[in-house]
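All chains should be built: construct the whole structure from the sequences, respecting the hints.
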Amino acid sequence: MNKTLTCVICPNGCQLTVDYEGVTIQSVEGALCSKGNQYAEQEILDPKRNIASSVRVTGGKAPLVSVRLTGPIPKKKIFDVMAEIRALSVAAPVEIGQVLIADVSGLGQDVIATKRIDRI
Amino acid sequence: MTTQNRSVIIIGGGPAGLAAAAALRQQGVEDILILEREHDLGGILRQCIHDGFGLTRFKEALSGPEYAARFVDTVQQAGIEVMTDITVTELHADRTVVATARSGRYVFKAQAVILAMGCRERTRGAIQIPGSRPAGVYTAGIAQAYMNLKNIMIGRSAVILGSGDIGLIMARRLTLEGASVKGVFEIQPYPSGLPRNITQCLDDYDIPLFLSHTVTAIHGTKRLTGVTVSQVDSSFRPIPDTEKEWTCDTLILSVGLIPENELSKMAGVLLDPRTKGPRVDEHYQTSVAGIFAAGNVLHVHDLVDFVSLEAERLAESVGDYLKQAPADEEAVPVEADPELAYTVPQLVRADRDLTVSCRVRRPLNRVRISIWQNDQKHVTRRFRRAIPAEMIHLTVPKEKLVPGEPLKVVVEHE
Ligand SMILES: Cc1cc2nc3c(=O)[nH]c(=O)nc-3n(C[C@H](O)[C@H](O)[C@H](O)COP(=O)(O)OP(=O)(O)OC[C@H]3O[C@@H](n4cnc5c(N)ncnc54)[C@H](O)[C@@H]3O)c2cc1C
Ligand code: SF4
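Top to bottom, those sequences are chains A and B.
Numbering-wise, our numbering comes out as the position in the first sequence, counting from 1, plus 33.
Numbering-wise, our numbering comes out as the position in the second sequence, counting from 1, plus 3.
Calculated from the structure, these hints are not laboratory results.
A portion of the hints provided could be inaccurate.
[As the list claims (entries may be wrong)] Under 10 Å between C-beta atoms, here's a sample of chain A residues computed to sit facing chain B:
1. Pro44
2. Gly92
3. Ala95
4. Ser99
5. Arg149
[Said to hold, decoys possible] Below, in silico cross-link-like pairs of lysine to aspartate or glutamate (EDC-like), each with a Cα-Cα straight-line distance of 16 Å or less:
6. Lys108/A to Asp207/B
7. Lys81/A to Asp206/B
8. Lys108/A to Asp209/B
9. Lys81/A to Asp207/B
10. Lys110/A to Asp143/A
11. Lys94/A to Asp43/B
12. Lys108/A to Asp206/B
13. Lys109/A to Asp43/B
14. Lys94/A to Glu180/B
15. Lys380/B to Glu408/B
16. Lys68/A to Glu63/B
17. Lys110/A to Glu180/B
18. Lys109/A to Asp206/B
19. Lys36/A to Asp206/B
20. Lys185/B to Asp252/B
21. Lys109/A to Asp209/B
22. Lys110/A to Glu41/B
Predicted model only: the values in this text are computed from it and were never measured.
C-beta: ideal position from N, C-alpha, C; glycine also.
Here's what the structure looks like:
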């Protein structure tokens, strides 16, 4: 089977043509780097994404701190992770890179802060 | 009021201003002042919380605030002087800069001024949709600021007009926060955002994209209740009997960005009608001596990585400019192929390495883009597909360039 994908790993956004049979990848064409081949395989077998959101902050100079995951998670788990993120509230100060939820939903990735929020 | 003299004044503390400041300091320029309107440095990136920035520079996929923080840290560690909560209200051709803050009015005179004010969003006025003016209509950038900086959820069900990247990113953001995004409607027959954003912001969440469609009416008195969408013909005219009503409480406009030009115009800087930003040479110097520009104020970028690089090239030239009054080679035009929307720079002096940035007008398959001078071809790049959403860069080393001879950027179909 043939499938055309857009690699989302970097802004080059290479158009990939994947030839596969069930779960066996026969060829990937169009990738400018080897990450594209890995992406195509992952995308056919079990698509993964990183997500970003924000978490409420109490006692900080801003009401929110932006967060992201340390690495991609299976696409079908995105809304489970979002539910955990949404339930969270943290107290200022928050540092860039601070782990706010370790091993979120047991998926092996952490939710980390991407901004510094000082105390008022 | 006393006038303070400065070597370099940078207007705007976003990625362009920060990168220019850091690079100038590295060259040994001491007297630099950044003036920023907001309370924090970082520009628009403070609200771009998704990841994917900085892969080329930092070898990591960072979010916007993290990318900005790296530059803010560099600027602070270098001890570069910064004033925030201060708005530049006047700029004159003699490089007098007038700025206003709560603490008063300041007047500066600089040897070099760097324009780094970013861009603004086109609004409903710029595209004209008939109908009432209910609440619930936002530009994508404003929606992003509400949700990501202020913790204000803007609505429960949304329609997005225009397929610009910020609109696509907001479609995903709203969906993740539990809102339903009915669809993205684009008047052009192709999307204006990057393919990777179509994949990861729309396709991932089954949000439909309707090409050659536009919003022809909006409904609701106090709050938006819905929109009418029509298909358009090749001249963008709505096709009768294709109207469809969509129920929604929020309409997000992602219909384009334009450089922030008020100060440039005030100083008498010539603008390019294609980029809508200043016309510059390869030193990023505008038509007014000593006034330079980079980043979104010059031409709208989709990737901050390119903004940083552009500002660093600018800094190189500003450094030279401060050392010696430039023995100007005469500037000659860069002629853009009719398939190209524009080129930056628009002029060349051929006295430094050259980077030309450009965009195609429409999607093209299998093309070669080359830079020619006389019958000499300096560089060629081949593209399987070139699209308006992606900025293209071509570089030519100084040694190859002939001063005084116009350059041509040529698109050939293979
Ligand atoms: C809403 C939006 C979202 C974007 N999202 C992304 C994204 O997700 N990823 C990406 O790679 N790129 C994104 N971009 C592209 C963006 O072009 C670059 O990433 C980058 O931020 C541009 O940098 P800049 O310094 O030119 O402008 P800006 O970041 O806009 O910075 C300009 C700065 O100048 C200040 N300023 C303006 N006028 C004055 C004045 N008169 N006096 C004092 N200060 C002034 C502003 O307050 C601002 O801080 C986005 C652009 C916009 C508009
Ligand atoms: S294949 Fe490599 S270069 Fe192309 S988009 Fe993916 S990561 Fe980027």
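Results of checking the hints against the structure:
1. Taking 10 Å as the C-beta contact cut-off toward chain B, the hint placing Pro44/A at the interface holds, the least distance being around 5 Å.
2. Because the beta carbon of Gly92/A sits about 14 Å from the nearest beta carbon in chain B, more than 10 Å, this interface hint is broken.
3. The criterion of a C-beta within 10 Å of any C-beta in chain B is met by Ala95/A, whose closest approach is roughly 7 Å, and the hint holds.
4. Look at Ser99/A: its Cβ gets to within about 4 Å of chain B, closer than 10 Å, so that hint holds up.
5. Against a cut-off of 10 Å between C-beta atoms, the interface hint on Arg149/A holds, since the closest Cβ of chain B lies about 7 Å away.
6. About 8 Å separates the Cα atoms of Lys108/A and Asp207/B, which keeps this hinted pair within 16 Å; it holds.
7. For the suggested pair Lys81/A and Asp206/B, the alpha carbons sit about 13 Å apart, so the restraint of at most 16 Å is met.
8. Between Lys108/A and Asp209/B the CA atoms are separated by roughly 13 Å; this keeps the pair inside 16 Å, and the hint holds.
9. A C-alpha spacing of about 10 Å is found between Lys81/A and Asp207/B, which places the hinted pair at or below 16 Å, so the restraint holds.
10. At roughly 14 Å between alpha-carbon atoms, Lys110/A and Asp143/A fall within 16 Å of each other, so this suggested pair holds.
11. Of the pairs offered as hints, the one joining Lys94/A and Asp43/B holds, with about 11 Å between alpha carbons and a cut-off of 16 Å not exceeded.
12. Between Lys108/A and Asp206/B the alpha-carbon distance is near 12 Å, which keeps this suggested pair within the 16 Å criterion.
13. With a C-alpha separation of about 37 Å, the suggested pair Lys109/A and Asp43/B falls outside the 16 Å cut-off, and the hint is violated.
14. Distance check on the hinted pair: Lys94/A and Glu180/B sit about 23 Å apart at the alpha-carbon level, beyond 16 Å; violated.
15. Taken as a hint, the Lys380/B and Glu408/B pair is honoured in the structure, with Cα atoms around 13 Å apart against an allowance of 16 Å.
16. Between the alpha carbons of Lys68/A and Glu63/B the distance comes to roughly 13 Å, so the proposed pair stays at or under 16 Å and holds.
17. In summary, the hint linking Lys110/A to Glu180/B is supported, as the alpha carbons are separated by about 15 Å, within the 16 Å threshold.
18. Distance restraint check for Lys109/A and Asp206/B: the Cα-Cα separation of roughly 13 Å lies within the 16 Å cut-off, and the hinted pair is therefore satisfied.
19. Pair hint Lys36/A plus Asp206/B holds up; C-alpha atoms about 14 Å apart against a cutoff of 16 Å.
20. For the hint linking Lys185/B to Asp252/B, the alpha-carbon distance of about 11 Å falls within 16 Å, and the restraint holds.
21. At roughly 13 Å between alpha-carbon atoms, Lys109/A and Asp209/B fall within 16 Å of each other, so this suggested pair holds.
22. For the hint linking Lys110/A to Glu41/B, the alpha-carbon distance of about 37 Å lies beyond 16 Å, and the restraint is violated.
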